[in-house]
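These protein sequences, in sequence, are chains Z and H.
In this text, residue positions in the first sequence follow this note's numbering: the first is 1, and each later residue adds one.
In this text, residue positions in the second sequence follow this note's numbering: the first is 1001, and each later residue adds one.
Hints in this document: simulated from the structure, not taken from any laboratory.
The beta carbon of each residue, even a glycine, is placed where N, CA and C say it ideally should be.
Straight-line alpha carbon distances no greater than 25 Å define the calculated DSS-like cross-link-like pairs of lysine-lysine that follow:
id : chain 1 : residue 1 : chain 2 : residue 2
1  : H       : Lys1006   : Z       : Lys55
2  : H       : Lys1536   : H       : Lys1583
3  : H       : Lys1201   : Z       : Lys59
4  : H       : Lys1573   : H       : Lys1494
5  : H       : Lys1201   : Z       : Lys49
6  : Z       : Lys49     : H       : Lys1006
7  : Z       : Lys55     : H       : Lys1201
8  : H       : Lys1493   : H       : Lys1534
Among chain Z residues calculated to face chain H with C-beta under 7 Å, some are:
id : residue
9  : Phe23
10 : Tyr26
11 : Val27
12 : Asn30
13 : Glu31
14 : Leu42
15 : Ser45
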Amino acid sequence: MNIPLSEINDMSGSQSIGTWDSFNVYVLLNEIETEFNVRFTLDESMDIKNVGDFKRHLKNHGVILDDS
Amino acid sequence: MNQEKKLSHYISEAKLIDINKYEKKLQIAILGSFTLNGLAEVIQVKCSDIKVGCTTYVSNYNQYNQDILNDSSDLYKFSPNITFLILDTQSILGSLYYFPYSIDITQRKKYVEEKLNNLKNLINIFVKRSNSKLVISNFVIPTYSPYGIYDSKIDYGIKEMIIDLNSKLNDYIKNQNSVYCYDLNGFVTTYGQNNVFDYHKYFFGDIKIAFDYIPSLAHDLISYVKSILSINKKCIVLDLDDTLWGGIVGEDGFEGIKLGPTPPGNAYVEFQKRLLALHQRGIILAINSKNNEQDALDVIRKHPHMILREEHFACMKINWNDKLANMKEIVNELNIGLDSIMFIDDDPVNRELIHTTLPQILTIDIGNDPVNFVSILMEMNDFDSLHITDDDVRRGKMYLEDKNRKTFLGSVNNLDDFLKQLDIKIEIKNADEFSIPRISQLTLKTNQFNLTTKRYQEEDIRKFVNDKKMLVECAQVKDKFGDNGITCVSIVKKEDSEWIIDTFLMSCRIMGRRIEDGILSSILQRAKEEEIKKVKASFIPTLKNQPIANFLPDHGFVKEGDYWVFSLENDIKTPKHLKIERK
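Just chain H, same shape as in the assembly (with noise of 0.2 Å):
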């Protein structure tokens, strides 16, 4: 299914963007080894549709080693932050694309280890001149082969030979921090080679993608950008009549929705299956349904074909209230933005109803033929992820612990009666490569808690870590209904007499603990013990990070000119509901 635009809409529309209105900017490099004319404009449309301001360079044709190798190339005067390199089979191969066989296997062999060893040679050259993420496309393995059916008998045969290249590239890669592979294959594949690639198109103009498939390679690449720029999406609140299930269970009943082996239940079932495995990724599911709640809660726990369970969703809303007050609810309890939000259902009432209310939530029209849910969902490139952490994979867990400590807030007389029964520990550790990456992706995604907003990409990270003048700390908090993670993050220049906060920040989700409390005399206590004089920060206002604004005066911080001073004469406040183990 090709649901994109025409190239030509997309044209026309990139002439009309004033970059200038999108706070967020990103500078895309396109190089390529054959024409990929449109590519850019399709990007910086659909960056526009993310607000982000994009401008793009693209090489030459099939100048991608030239803008490499050359250190004052345009390509590294244009400064990019992310680099696509797209690469293709024929270009690569040579003249062996047409006679593979008029080499033996030995010297086929030695051909992939000198092609592999020059992709490996660009790639550093341009990770050690450029501060830019390479995302390198594999090659897409060809389909046909002179020797026919015969091929597969071959040793290290034509498709071999780019399964290896590619293997061997990716492999390469997985060890590169900055460097990605794209699916340029599976792309191809899921497409059709037959579609994609069209003789009449390739003779007339070198043109290897044909240009109604450039939008949708667009799409593919912009889960980079979107990455990147951690504009992704978090949560998937969801419907349940004619959404998770076929049917009204208010009025078809237990026993008449449709749900189970049979059409059309499967398709509701292959549905919840692909959207379990987002929630085993970290994706957080919520229900916001306009039923009867105990209807709906028997089909959750009982129902035997229903592959989504109470213990999968982060917040159930099933009532009569309308779905923007549920809505509202749902975003209070997970304490999450709105832009991190998806919402799914088949009622165009409902939809339009979120949708100009709460226009940072992305509302997804699913249509109303279950046939097609699964496509749209696998065809999104809303959960794309540099890095997947091991607090992603375990969010939908830790919101769950969430539910239980609510419950148990509940219980308890005051709120220093539950901190303190909570057991909070806090481990204190200097980052190291296995927190990098969590590290930075607290860094571009926390925005409430966050005294200065500085975004971080994992090389920059990297950087301070490797200065000796830099302290790059997190927190990993646990208590007893299970572990939060790594959840607080501080970056410290280390000065002569004074040290200077550079970032200290904290996820919402376990805000209200006061365990930044913690951290903070945590960092004046080490300050101490170095003899330092002062430590310093400032506050740095956004629309979002409110519940910090008060922190420094709130914690002895006294203003200075432009920065909020601590002297370390003063007593440090150390809150006794925590316990911190600094490793």
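Extracted from the complex, chain Z is given alone in its bound form (with noise of 0.2 Å):
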């Protein structure tokens, strides 16, 4: 989505980036899953709207983020 990481957090989404569609959410999904050996159900799919919604779903799924 080109957007520098600097400028990244929990709140980053549709609302903050207008690259933020629904495919381009798509590969970062499936990408995601692929990097944390994870499986998201249709429901948290459907339920992700911004990076904090990520980090959630990751963590019900046993992942241990660092947040710092």
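Dock the two chains into a complex; use the hints.
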């Protein structure tokens, strides 16, 4: 989505990122699944609206994230 | 094995491409019956990797019918060079995909017939309206049936319906000149239905080819791009030790190398078989190896499990020179362009040497485990061609004949004697259905002995052939060592009192035998017979066509304005060492 890392926070999502469209989000979701070796359920996938949502659902799958 | 990069990599890369920096340009349209997001970006990046500036048009979701049927659609405005039409089984079968046996066998047959006719109609309309090549995918054969294992006992069951549709579609396409069938079913079989099709993605976004496999699909489709632009490889230069056999013959000895029916020798045997099959299809093989020549030749000639023998190699450089020097000699002897060569070597140092000094050559990292050699070779899309001509198939043999010719040249005193004794016969013919693919191929591939370097697709040549004002001829060249096949092309525009040479080219394979003199004299002779006063030609210089730079002035053409002109009041010189027949 061509966003500098420094500008990304938990609230980053369709509201703040112009290129956050359904396709880009879906590519991101797919690669996060591969990276962390998890499978989101359909409900979880539909629920993800921003970076915070991704983190929340990853935690539900037992992924430990370094939030610092 | 899916060695592709991630889709996100391609999506970000695609944004950075500047197509203006590439000389070769291509317009690619993608039409699909389902979401193919990301495919266009991967194709753009893969085109950029081979120095092709590609612009894409992607039809709206499932709008392929409208795009093709509406003659003022955005598709036609885009005027593509290649159009990919990717269709899925579910959309063609509609509700029968779920309930195939809700109708009886007669209706099922009728249904497939109707769908086939719709597709034929789409193809015909598209071909009429567009100059683009059309690549249409076949249908993935369903693996599930509600009848389970009993499905194979059903007459014209769901699987048979699709098999039948595929086979009839393919039969139809076989006879269409600019339409090709892409084996999507084969693609899905290669990577596995459960990987390529993923219900999660399907329910979430109607995605029928998972993102992880879009790059692999693009890799397959790039075969068509490479073929159309003739950026394919003609020659594989191979290392010997740890490439064609395991171990080092100089150290392990004739009996010690790994090559034979037991592992790991069987992996090398299998690799050699796949290479031999490419040789039989017209890919030239050559050797570039640091070795004691006699040790290596003993293996090549006498080893019981060696598949590739001396006669399969157009050129063998086995010595202690560095591989760069050897490579340069191979290029000279075979007289082929650097960009049509692939180099396979297990040693990273040798690969680096060739890659940095001759970057046009494609160097392949084959790895150090022979288990992977075959799949690496089979996944390559560098040998594909939209048309494999008789000349292609005979190429390996022709290079062998050329080896004999060169030995003979060494045994005679001067070039004139050599040429006289070669017994060269040239048959000049008007282009016809059989020669059109080869003529197009020669215009696309010939760089050195090519006066104007105009590139023509088969469709272009066909148009010329049907145009009374154009004369398209090709020449087949034979001598006492063999048949060189169709190796010369001339295209002439006939005007009332003068002829203009649009294209005059000759394959580099037969350069140096003054065959070009014969072809030119034939054109001039023919013009004279038709009472033409002047034949005009131009030379368009490129980086590669230096060999033909002085051709026109050397043959009596005089510069007049933009053209070189031959006045037919002058004598036409016909070389004595050639026997020319015009058919």
